[in-house]
Structure formats: C-alpha cells, structure tokens
Amino acid sequence: MSEHRTAASNSAGFDAGSRLHSLGRAAKLASIFLVLPLSACGLNKVSAPPEVAYDYRDRHPIVLAETQNALDVFPPPVGVRLDNASDLRIREFVARYQKLGQGKITVLAPVGGAYGSGRHGLEEIRRALVAAGADHSLYVAEYPVTDPTMAAPVRLSFVGLKPKVKGGCGEWPDDLASGGSLEGWQNKTYWNYGCATQATLSAQIADPRDLAAPRGETPADIETRMRAITDVRKGQDPSTKWVTKSTSISDVGGN
262 MSEHRTAASN
272 SAGFDAGSRL
282 HSLGRAAKLA
292 SIFLVLPLSA
302 CGLNKVSAPP
312 EVAYDYRDRH
322 PIVLAETQNA
332 LDVFPPPVGV
342 RLDNASDLRI
352 REFVARYQKL
362 GQGKITVLAP
372 VGGAYGSGRH
382 GLEEIRRALV
392 AAGADHSLYV
402 AEYPVTDPTM
412 AAPVRLSFVG
422 LKPKVKGGCG
432 EWPDDLASGG
442 SLEGWQNKTY
452 WNYGCATQAT
462 LSAQIADPRD
472 LAAPRGETPA
482 DIETRMRAIT
492 DVRKGQDPST
502 KWVTKSTSIS
512 DVGGN
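In the working numbering, the protein residues as written are 262 to 516.
DEER-style ranges, computed between Cβ atoms:
| # | residue 1 | residue 2 | range |
| --- | --- | --- | --- |
| 1 | Q465 | P337 | 29 to 35 Å |
| 2 | Q363 | A392 | 19 to 25 Å |
| 3 | G364 | D471 | 19 to 25 Å |
Here are the simulated DMTMM-like pairs of lysine to aspartate or glutamate, each with C-alpha atoms no more than 25 Å apart in a straight line:
| # | residue 1 | residue 2 |
| --- | --- | --- |
| 4 | K502 | E484 |
| 5 | K423 | E478 |
| 6 | K427 | D316 |
| 7 | K425 | D316 |
| 8 | K423 | D396 |
| 9 | K423 | D319 |
| 10 | K365 | D468 |
| 11 | K425 | E353 |
| 12 | K449 | D435 |
| 13 | K423 | D471 |
| 14 | K425 | D471 |
| 15 | K495 | D482 |
| 16 | K423 | D333 |
| 17 | K449 | E432 |
| 18 | K502 | D492 |
| 19 | K365 | E327 |
| 20 | K427 | D471 |
| 21 | K423 | D468 |
| 22 | K427 | E327 |
| 23 | K360 | E385 |
| 24 | K425 | D333 |
| 25 | K423 | D316 |
| 26 | K365 | D396 |
| 27 | K365 | D333 |
| 28 | K449 | D316 |
| 29 | K365 | E384 |
| 30 | K365 | E403 |
| 31 | K425 | E327 |
| 32 | K495 | E484 |
| 33 | K365 | E353 |
| 34 | K449 | D319 |
| 35 | K423 | D348 |
| 36 | K365 | D348 |
| 37 | K502 | D482 |
| 38 | K360 | E478 |
| 39 | K427 | D468 |
| 40 | K427 | D319 |
I should point out that these hints are in silico values taken from the structure, not numbers from a laboratory.
Glycine included, C-beta positions come from ideal geometry on N, C-alpha and C.
Model the full assembly from the supplied sequences, consistent with the hints where possible.
Have a look at this one:
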C-alpha cells in the first residue's frame, strides 16, 4: 500500500514539475516575441523618397543653360538711317553680350527680301554695333528669305548663360478632371503647380551667375564713414536724422 502511495506521489510530482517547466518555457517564448517588435523601434529606418517631389522648387528647379540670345533688327530702306529705338535696342544687346556673352556676335543678313540683299541696312546696323563697343566681335553671314513679300530682319545673336526652368512648363501627366485622380485625396499638388512662378522668377534675374555664387562686396562709402567717425569723436550722434512734418488731425478734410 505504501508503495502505491509512493508511486502516486512520484507521478504527481513529476507531472507538476513538467508543467512548471512547460509554463516557464512558454513564458520565455512569449517574452521573446514581445521584445522583438520593440527592438525594431531602435533601428535607423530611412523612409523611401516620394515618387513626386512635394515642393514645386524641387519639381521645377531653376538651372543655368547656354542658350542663344537673339535680337531681330529690321533694316531701314536705302538712304534712311537707323531709327533711335532700334539703335537703343542694339546698345542694350551689346551691353548684355559684354556681360554674359561667349564667343562672337553672329550677324545674319537676309538675302532675297523686300529690299534686295539687305546689305544697305546691314551697314547701318554694323555701324551701331561698332559704336556700342562690339567692333572686334562680329561674324557676318547670310540667310535666304522664303517669302520676299514679308519684312526680313537682320538677326543678331550670341551664346551666353541664361536661367530657365528645367524641363519646361505645361506638362500634365495626370488628368485632374478624371474621377480616378488621387491628388486631392492624398493632399498632393499637381505636377505643373508652381512652374509658371519659377519661370517668371528666372526671367527677372539680371545676372544668371548670381544663382551660382554671390557677388563681391562693393567698397564702403569713405565720406559717410569719415563723417560718422568725426561725429563720434565729437560726442555727437552719427545716425541719420529724419525730419518729418506732422499734420494736425483737425487740418485733414478742411475741418
């Protein structure tokens, strides 16, 4: 009888021990599974870039390109001098060439136009170019006129830096009017958004090289500096004094 009790107690103790061992093992596995997701939070995760840049300045950047700068000047008839407006445009063209131009100025004279070969007007334009300072930078050539009844200009051109929008504007890869467009749902701007603003800004830049590097500082005004130093030495205020004439409220409106 005692042997049966001993065997029963041993079997019960074995079952309890095995259960405790299984529970401990399960608890370890559960703790491992709980720690694994938390360990991923400590990794340096890099999110993938969006398919389309959100900022219009990234989608439509302003770049510098070597493009042709051209000016069409209509030659005067025989015996007539170049008008003042055309002469002013030529001077501005030469000034822009001296600032940003590369190589020589190409002068294309029309052949077969309303005034024949156009060489009589070419001499007037050439004289204006020389007077503006482009005497040693001219390359003269000719081009045929397809329609003799139309006025054919003398084309002046040179290659130089010019800011422009990369890729150009007016591209609509998605149909905004279709029901399948998701730009509004995803709070995204359409592709052409901001391109016209960038194109307008690039057209207003006087010197394209300002986009690549800042200009050098201009020298300080020596007279203003010495006047300020003298005032400080005398114990006076060197700042500029502005005198404004105040108007009484009663004088406004004739009251």
